[in-house]
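Student: So you can see what is in the structure, the chains are spelled out below.
6 protein chains.
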Amino acid sequence: MVQHVVTFGEIMMRLSTPGFARFSQATNLNITYGGGEANVAISLAYFNIPAAHVTRFPANDLGQAATALLRQHQVTTDHIIYGGDRLGLYFLETGAAARPSRVIYDRADSAFAELEPGMLNWEEILQNARWFHWTGITPAISEGAAQSCLEAVQVANKLGITVSADINYRKNLWQYGKKAYEVMPELVAGCDLIVSSIGDAADILQIKPAAEAADPFVSVGQQIMQQYPRIKKIVNTNRGSISASHNTLAGMMWNGQQLLQTPTHDMVPIVDRIGGGDAFMAGLIYGLLTYQNDQQALDFAVAASALKHTIEGDANLVTVAEVEPVMQGDSSGRLKR
Amino acid sequence: MVQHVVTFGEIMMRLSTPGFARFSQATNLNITYGGGEANVAISLAYFNIPAAHVTRFPANDLGQAATALLRQHQVTTDHIIYGGDRLGLYFLETGAAARPSRVIYDRADSAFAELEPGMLNWEEILQNARWFHWTGITPAISEGAAQSCLEAVQVANKLGITVSADINYRKNLWQYGKKAYEVMPELVAGCDLIVSSIGDAADILQIKPAAEAADPFVSVGQQIMQQYPRIKKIVNTNRGSISASHNTLAGMMWNGQQLLQTPTHDMVPIVDRIGGGDAFMAGLIYGLLTYQNDQQALDFAVAASALKHTIEGDANLVTVAEVEPVMQGDSSGRLKR
Amino acid sequence: MVQHVVTFGEIMMRLSTPGFARFSQATNLNITYGGGEANVAISLAYFNIPAAHVTRFPANDLGQAATALLRQHQVTTDHIIYGGDRLGLYFLETGAAARPSRVIYDRADSAFAELEPGMLNWEEILQNARWFHWTGITPAISEGAAQSCLEAVQVANKLGITVSADINYRKNLWQYGKKAYEVMPELVAGCDLIVSSIGDAADILQIKPAAEAADPFVSVGQQIMQQYPRIKKIVNTNRGSISASHNTLAGMMWNGQQLLQTPTHDMVPIVDRIGGGDAFMAGLIYGLLTYQNDQQALDFAVAASALKHTIEGDANLVTVAEVEPVMQGDSSGRLKR
Amino acid sequence: MVQHVVTFGEIMMRLSTPGFARFSQATNLNITYGGGEANVAISLAYFNIPAAHVTRFPANDLGQAATALLRQHQVTTDHIIYGGDRLGLYFLETGAAARPSRVIYDRADSAFAELEPGMLNWEEILQNARWFHWTGITPAISEGAAQSCLEAVQVANKLGITVSADINYRKNLWQYGKKAYEVMPELVAGCDLIVSSIGDAADILQIKPAAEAADPFVSVGQQIMQQYPRIKKIVNTNRGSISASHNTLAGMMWNGQQLLQTPTHDMVPIVDRIGGGDAFMAGLIYGLLTYQNDQQALDFAVAASALKHTIEGDANLVTVAEVEPVMQGDSSGRLKR
Amino acid sequence: MVQHVVTFGEIMMRLSTPGFARFSQATNLNITYGGGEANVAISLAYFNIPAAHVTRFPANDLGQAATALLRQHQVTTDHIIYGGDRLGLYFLETGAAARPSRVIYDRADSAFAELEPGMLNWEEILQNARWFHWTGITPAISEGAAQSCLEAVQVANKLGITVSADINYRKNLWQYGKKAYEVMPELVAGCDLIVSSIGDAADILQIKPAAEAADPFVSVGQQIMQQYPRIKKIVNTNRGSISASHNTLAGMMWNGQQLLQTPTHDMVPIVDRIGGGDAFMAGLIYGLLTYQNDQQALDFAVAASALKHTIEGDANLVTVAEVEPVMQGDSSGRLKR
Amino acid sequence: MVQHVVTFGEIMMRLSTPGFARFSQATNLNITYGGGEANVAISLAYFNIPAAHVTRFPANDLGQAATALLRQHQVTTDHIIYGGDRLGLYFLETGAAARPSRVIYDRADSAFAELEPGMLNWEEILQNARWFHWTGITPAISEGAAQSCLEAVQVANKLGITVSADINYRKNLWQYGKKAYEVMPELVAGCDLIVSSIGDAADILQIKPAAEAADPFVSVGQQIMQQYPRIKKIVNTNRGSISASHNTLAGMMWNGQQLLQTPTHDMVPIVDRIGGGDAFMAGLIYGLLTYQNDQQALDFAVAASALKHTIEGDANLVTVAEVEPVMQGDSSGRLKR
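Residue numbers (the UniProt record's numbering), protein chains in the order written: chain A, 1 to 337; chain B, 1 to 337; chain C, 1 to 337; chain D, 1 to 337; chain E, 1 to 337; chain F, 1 to 337.
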C-alpha cells in the first residue's frame, strides 16, 4: 500500500456492561476490540486515509476476531504477527451524571506485552508509509514493547517518515522496572509531533512551565522544542468535565510560532467517552495531511473528537463529510434524509 | 364507522439500528412501520378519535405485519388494498449531540407507488368521515399516487368533509417527471387547513413573503388564503436545533384574523425525533375537533409533538390525559404511581 | 450477625419496559425485585454495614428468586418467612423529558399483605441489631402488616435499638379500612428519627406549620418533637423536577437545635429515579453510624441519593468510596481507569 | 360482523423466561397474552374465519395491551368489557429433554374472575354468530365466570348457534367452593361438540368406560351422548411424551357412528408446547366449517396442533395454506422461497 | 493476489426473525449479508484459500456494510463496484419440525441487477485467478447480469482458468423476458465443473435421463458431457428432508468414469439451513484444489455442508481442521477444551 | 454452619457466545461464573445440603460479582479470600450436531493460581464440615494450589471428614513443572471416594486394567483400593457422544463388593453440556448422604447429571423434587402447571 499511515500498539478485547449497568448487575457484556493506536488507524480509514495497524495477537479465535474487526473497518492487517498466550482485555462500566465510567484492565502477559525486539520487520512494514504513530502506552507495557517501539521510531526516522506520538502517562502501567522518564525521552526525540498535556510533560519529560510564563502550555512547548529539536508541533486538548454525561472540549497547538486554539465544543449526552483522544489524534493527522494550515487541522481534530463521544465503541466511525460541518460550527444535529 | 378521520399515504417498514449504533455496527435492526399520514391516524386513535388509514400494501407477510400494527393501535384498516411488488422501507440511524440522525430510503416501486387512479373507491371510503388528511409526500411519490390523492380531495370536497394537508416538500422525492409546483396547487386548492413553512410555500406554491411584510409568515398566509379561498388556517412549527439530542419547538397559526403562537417547549433528551410533525398534525386535528378556540388547539398540538420526542417509533403513543398537563405548562415529568 | 441494621417491608417483583418503551410497545420486560425498605438494606450492604431484611414471600420460585437477589447483594435473609399466595408486582414504564415514568401496582393479596401478628419472632430477629428501619408503606398495606410493624417497633424500643422511619404517605394504599392518621401515630411514637415532608406530616400526623413560622419545616419539626418526644431528628429531601430526565435534590434536617441543609445536586440524565428516597435513607443511616456530626451524615445521604439516579433498578449499588467524592462536591464523573 | 365464531374466557399476561433459562436465572421475561379460548379465536382469524373474543380486562394499560394483541391478530374486540382490579398473569419456564416446562399461575382476583352475571349482553354479542366456544377453565375460575358462561350457552342455544367446549379439568382451579361435577353438567348439556379425555369425562361428568368396552373412548362417548343428547361429536387428542422436546400427537373422534382416528404426528423439537390443545380446537372448528367430512376436519385439527408446537407464544399463527400440506402427510419442512 | 478463487454474484442484506419467531411476531430482525457465490468465497477464505468476490453495491452505508462483512471474513473486495439505487434484500423466517423456513425476496432493481456489460474489467479481475465460480442465480436476475457473467466466463476460458457453476434453477427469478434454457447453455459451455440436480438439468439444459438408464444421474451426466465437452465433473447433493430441523445429506459425482458417492450425514438439529449448497461448493473447490482424488474432495464437500447447517448466517464459518474429522466419520461433537 | 459440605477450587468468569454463534460472529457474550468444585457446591445448595465454597478471587468488582453468584445460589462464601491480580476466564462457543462446543481458557496467573500454602486456615474452614470435595484440576493449576489442596485433605483426614475427588486429568494444565503422577497420589491417598475413568487412573495413578480382567473398571478399582486403602468407592460415568446435541449417560460404581450400574439416559437436545460431571458429583454426594444404598445414590447422580444438560450455565439449578422422577425413570418432561 502506497503512502499510508502506520500505527503500532496493543489491541484489547473490550467487554462493556450494557446500558448503564454496573459490573455487579451485568449478565452479558458487549464486546469490541480497541486500543489507542488502532483507534487512530480505524478513524483514518473512515477518513479515506489508508492505514495499517501493527500489533501482536495470540494465535487463537480471539486474535482472529480482533484482526477481523480491523479488516472490517478497512485497516490493513498484513503486518500483524501471531503468538504468545493471551489477548489483553479490559472491562468497562459506563457511568452517567456524577457516576464515573470505570475500567478494569486485565492485560498482563498479553501477546503484545511479550513482544521482543526483532519480531517485527520495521524496514518492510514502513517501506511505503508516510506517517508512523505510537502512544505512551506502548513503552509502558513491557520492555519488549518499548524496544519494539524504539526500533520503529528509528526506522521511521531513517526513512524520513513523519512520526507522531500521544505521550500520555498511565501511572498504573510502567510495572516492568523502568520509569517513564527513563524510557520515553529517546522515543520522543524521534517525533515530529507530540500530543502532551502539561502534566504529561512533567511526568514523562520532566519539563515544567517556567514560573514566570505568560502561558504555561507555550512555556512547556518551547522547552520541549529546545530539548527535542525534531519536534515541530506540540498539541493538547482541554477537557471540561461537567459530569460523566456532559463534557466540553477544546484543542490547542504550539507550533513554534503561534499558540492556536479552537472553539469549545459542548458534548452532551456522551454516548461513549473512550477513544476521544484517539479520535482527536486521527483528526489531527488527517487535518495536517489535508489542510493548508495548522488551525484547520486543529479545528478538524477537535470536531472529530467531539463526534467520537456520540459513537459506541472505541473507534471514531465518522466520515470527513460528517466532521466538516461540526468543524465549521454546525452542531445542530439536524436529521439527514 | 361514523364521523371518523381518514388519512391516506404510504407506510414503510422502518429498520432502525439499536441505541446509537451506526449502520456499520448494527447486527440487528428494530422494526416498526410508519408513514407521515398513518402516524397521524395512530395518534388520533390514542386520543380516542376514530381513525381509518388508506394505503396499498403488497400481498405478503410484510404487508400483513404493517396492517397488524395499525390494527394493534386501533386504526381501522378496512380500506387498505393489497397488490404490487414490495413494501417501501427506510433505514434509520439515531444520532446524538452533534451527530445527526440519518435516514436511507428504499421506497421506489413500492405497492403504494404503483397505485393507479380508480383503485380506491373514495366515495365509499369517505362516506361517513368528517376529516380527510394527506401530506405533500404522497403526490411526490408517483403520478398514480398524486392522482389517487386528487380523487380523494375531490370526493372529500364534494361530501363537505374537512381536508387538511401537511404540504412539506421533500426535494429527493418528485422523481417521476413532474415538479411539485405543477401538481400541488390543485390539491392544495381543496384544503381547509394546511401546515406549511415559509420555505414550503415558496417551493410548492411559489408564494413568498412580501418584502415589506411585518411578519413573513402572516404575509405568506395572507397570500395563500387569497389564492386558495377554501383554506381557513395556515399553521407551522418552529423547531430550534440545539443538537440532535436537544430541540425546542413552538407552533404558530394564521387563521385569517390573528397570528397565534405557543410557548416554546424544550425537548431534551430526544428519544426519537421521527414523526414529530405528524404528532403535531394529529394534535391539531384533535384540538380543532375538541376545543373551543384555535389557541387551545395549537397549544395542544405543540405539547403533543413535544411528547412524541420521548416515544420510540414513528407514532405518538400518548393519550389526551398525558398531553393536557404539558399543554398547561407542566413539563416536570413527575413520577405517576 | 452482630450489630447490624434490620429493615422490614414488602418486596415486589419489578417488571420494567426496556429503554423508553411504553407498556403498549413492550414485548419483554426487565425484572428485578425491590421495595422501599429492602432497598435501604441493599444499599447499606454496599456501604459495608451488615443488614438483614425481614419480609414474607410466597413459597414458590418467584419468592426464591427475590430472596436470591437480596443474598446476591449480601443482605441477610435468615428471617424471611414463606407462605401465602403471591408475590406483589409492579410494572414500570420509564419516562423522559416531559413524559413521566409510570407505575402500575399489582400488590393486593400478596404474601406480605397477609402477614399476621405473631408470625415474625421479633425478639429473635432483633436480638443483635443496632437499628430498625420501616416505612409508611408497610402499615398502609394491611392491618396485619401494620400490626407486625408495631410489634417490631415495640420490641426495638424495649431492646433500646434505634428506630427510623420514612413515613411517606401513599394515598392509593390504605385500602383496608383504617386511615393513616389512625394507625401511624403509635408507630411514629416509637421512632428516633423520621423522614417526613411537610405534606406527609399533615396527612399522617395532622401537624401543620404554624402560620407565623419563620421556616415551615422547622415549625413542623418542633411540633413533632413535642408530641413524639422519642424523635430526635426530622429529615426531608427537596426535589426539583425540571423534567423526568433532570431533577435537583437537596436535603434538610431539624435535629432539635439546628436546621441543617445541603448543597443542591443536579441530576441529569436520570437513569432510574425509583429508590431515590431509599438511597437517601440508607445514606443517612450510614452517615449517622459513621460520621461525627449530622451535617456530614446529611451530606452523605444526599450524595448517595444523587448517585442512585444513575443506577438501574431499585437499589443503590454504590460504595462509600464512590459517594464520598460526590459528597465533597466532585460531580465531574471523570473516567476511573 | 356476520357469521363469525365467538370465544369466551380469561386472557392472562404470559411472562416467560428467555431460551431455557430457569426462573432463578432470568433477568428479563418475554411477554405475550394468551388464554385457552382467545388462542382459538386468534388461530381462527389466521384461518380467515372471522372471530370475536369476549372477556373482561382491567381498565389500565395492561388491559389495553392485551386487547391490542387480539386486534393485531385480527380478532374482534368490540365486546370486551373493562373493570376490576388486575390482569391475571402466568409465569412460564420452558423445559427441554427430561426437564418439564413449568407454569406458575397468578390469576386470583382478576378482572375476569370478578365477572358477574348480567355484565355481558349475550343477546347482542351472539346475534350474528354461528359458533360459540368455551372451555372448562372458565367455570373453574369463579362463580361469576361460571354463571356468565351459562348465560352465554343458554343464549347460544336459544339462537341456534353451534356450541363447543374443551371441558378440560384443572384440579388446581375450582377454589370457589363448588366442584366441577356440580357445575359442568348444565353447561355441557348445551354443547354440540366437546373435547374430552377419558379422565376429564370421569372427573367432570362422572362417566367412566364400561368395564367390558371394546374401546374405552367409544364407551365414554356413547354414554355422554346418551346423557347429553345435544352433543353430536366427542373428540380427543392422544399425546405421547417422549420428552419435553419431543412429543407425538394423534386425534380421535366419536361422532355417534364411527371412531375416527388420525395418523400420529412426530413433534421434535418442540418450540412452545403451550396452546397445543387450543390449536387443535381451532383446527377442528375450521375443519368442521369447511370440509365435507369429519375425518378431514380431524386431520386438519391434528396437523394444526402439530404446527403450533413450532410457534412461539400461546396462539397458533399459521395459515390454512401451511396446515394443509402437513395434514396431507408432508412434514418435510422444506424451505419455501 | 496470486492464484486465488474469484466468485461473482449478488449479495443481499438478510433480515431474519430471531429464534423461531414468525414475520408477524418480530419486533427486530437480525442482519447479515449473503449470496450464493459470496458464501463460497467466505467459506474458502476460512479454508485459507485466497478468495475475491465481485459484485455491485449501491454507494451508500448499506453497500459499505456489506463490503465490510466480506472484508471481516478475509475476502478480497477490491473489484467490487458501486452505483445503482439499492441493495437487494431478503427476509427470512426460520422454521422448525414440520414448519418450513420461509424467504421473502425483495431484490428487484438492485445495484447488481442493473449491472451492464463492460462495467466490470474481467481481464484485470481474473488476471491472477486460478478458479472462477458463478451460479444460475446471476443470469436469472437481469439481462445485464447474464451478460456480465458471460463476459467473465469467456475471459476465464481465454485465460485458462477453471470455471465452476452451481446451475440451480429458481423459477421465481427469470423475470426479464428470457428463459433459462435460452441463456444458460452458452454459459454452461464455458464450465469445467457444474453442480446440477436431475431437475435442474431438465429445466435449464433440457436434458433428461434416458428412459432405460441404470442410474439417471449418470445418464444425465453422460449427456451433459457429450453436449458440453469442456465439463469434466458433474456433481450433486442428495438432501433428505425429515423435517425442517432434521435433514440428511449425501453427495455424488459423475467424473466421466465413475459415479462417486459419499456416506449420508445426519443433520439434527439444523441451526441454519441457508447456504448449505454454497458450503458444499466451497468444500468441493477446496477439495479439488487440495486432495489427490475426487472421492476425498466430495467427502470434504459434504462434511463441510453438514457443518454449515450448525452455523448461523449464510456463510460456512468453519476451518479445514473442523471439517476433516467429520469427513473422516467423527460426528460425535465432543467438547474441545 | 453445622454439618455442611466444603468444596475448594478455582472459579472462572465464563464468557459464552449467544445461541450457536461462533467466536468470530459474537458482538456480545453471556457471562456467568463457574468452576468444577463450585458447581458441586451450588448444586448441593439446590438439594438443600448446606455448602460452602473456598477459593481466592481478586479484590475487584469481578471477584465481587463471582462471590455474589455463589451467594445468590445460597452457597456460603465466608471463607473466600481476596488478593492477586486477576480472575481466571474461559470463553465458550456452543456447538450443535457435528460441531463441537469449544473452550478457550485464559486462566494463567489468576488469583487462585497464586494461592500459597498457609493462606487458607483449613482448621477453621473445616471445623464443622462433614464432607470435603476437590478435583484434579486444582493441583494442576499451580504448585501453590496443589499444596493448599494437600493441606485441606490432611486437615480433613485429621478431623475425620469424608473426602471425595473427581480426579480428572486435563493434559493442557500441569504447566508448572510437575507431572500429575508425581503430585496426585498423595492427594488421592486422603480420599474416601474418587470419580475416575480408566484413562484417568492410567494417566494419574499409573494403574491399568489387568490384561485378563473380566471387567476393566472393576480391575482398576480393585488395584486402586489396594494401593489407596482409604478409598471405599470408585465411580465413573459412561458418556456416549452421538453428536454435540445428543449424548447418552450412564454411571457405574465399584464399592469393593459390587459393580453397580445405572440405566442409560438419553440427553437430547443438550442445552449446555458444561458441568455435567460436576452435577453428577453433587448428585452422588447428595445420594450418599441421603439414601440407604449406593445404587440409589448412583441413580440419583446420573439423573441429576442428565438434567444438568438442560440447564444454561455451569451449575445444576435443579431440586431434589425434579431429579427424583427422572431417577425413577420418568423422562417424559410433561408440563407442570
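No lab work stands behind these hints: they were computed from the structure. Don't take every hint at face value.
One copy or any two copies: either way a pair holds, since identical chains are not told apart in the list.
Derived lysine to any residue pairs resembling SDA-like cross-links, with alpha carbons at most 25 Å apart [said to hold, decoys possible]:
1. Lys336 - Asn293
2. Lys158 - Asp109
3. Lys232 - Gln222
4. Lys171 - Val320
5. Lys178 - Asn255
6. Lys179 - Thr290
7. Lys158 - Lys171
8. Lys171 - Asp109
9. Lys178 - Leu259
10. Lys158 - Arg170
11. Lys178 - Ser24
12. Lys178 - Asp109
Here the structure is a predicted model, which is why all the values come from computation and not from measurement.
Student: Determine for every hint whether it applies to the structure shown.
Tutor: Hint check:
In this assembly of identical chains, Lys336 and Asn293 lie within 25 Å of each other by CA distance neither inside one copy nor across copies; the values are 30 Å within and 36 Å between. For the identical chains of this complex, Lys158 and Asp109 are neighbours neither inside a copy (31 Å) nor across copies (40 Å), given an alpha-carbon limit of 25 Å. In this assembly of identical chains, the alpha carbons of Lys232 and Gln222 lie at most 25 Å apart only when taken from the same copy (10 Å versus 63 Å across copies). When the C-alpha separation of Lys171 and Val320 is checked against a cutoff of 25 Å, the pair qualifies only between copies, where the shortest distance is 24 Å, while the shortest distance within a copy is 34 Å.
Proximity of Lys178 to Asn255 under the C-alpha cut-off of 25 Å is found in neither arrangement, the shortest distances being 31 Å within a copy and 56 Å between copies. Within a single copy, Lys179 and Thr290 get their C-alpha atoms no closer than 37 Å, and across copies no closer than 40 Å, so neither meets the 25 Å cut-off. When the C-alpha separation of Lys158 and Lys171 is checked against a cutoff of 25 Å, the pair qualifies neither within a copy, at 31 Å, nor between copies, at 49 Å. In the homo-oligomer, the alpha carbons of Lys171 and Asp109 lie at most 25 Å apart both inside one protomer (18 Å) and across protomers (22 Å), since each shortest distance falls under that limit.
Taking the shortest alpha-carbon separations for Lys178 and Leu259, neither the intra-copy value of 34 Å nor the inter-copy value of 55 Å comes in at or below 25 Å. Taking the shortest Cα distances, Lys158 and Arg170 never come within 25 Å of each other, neither inside one copy (29 Å) nor across copies (50 Å). Taking the shortest alpha-carbon separations for Lys178 and Ser24, neither the intra-copy value of 35 Å nor the inter-copy value of 37 Å comes in at or below 25 Å. Taking the closest pair of Cα atoms, Lys178 and Asp109 come within 25 Å of each other both inside a single copy (17 Å) and across two copies (22 Å).
The earlier numbered hints that this structure contradicts are 1, 2, 5, 6, 7, 9, 10, 11.
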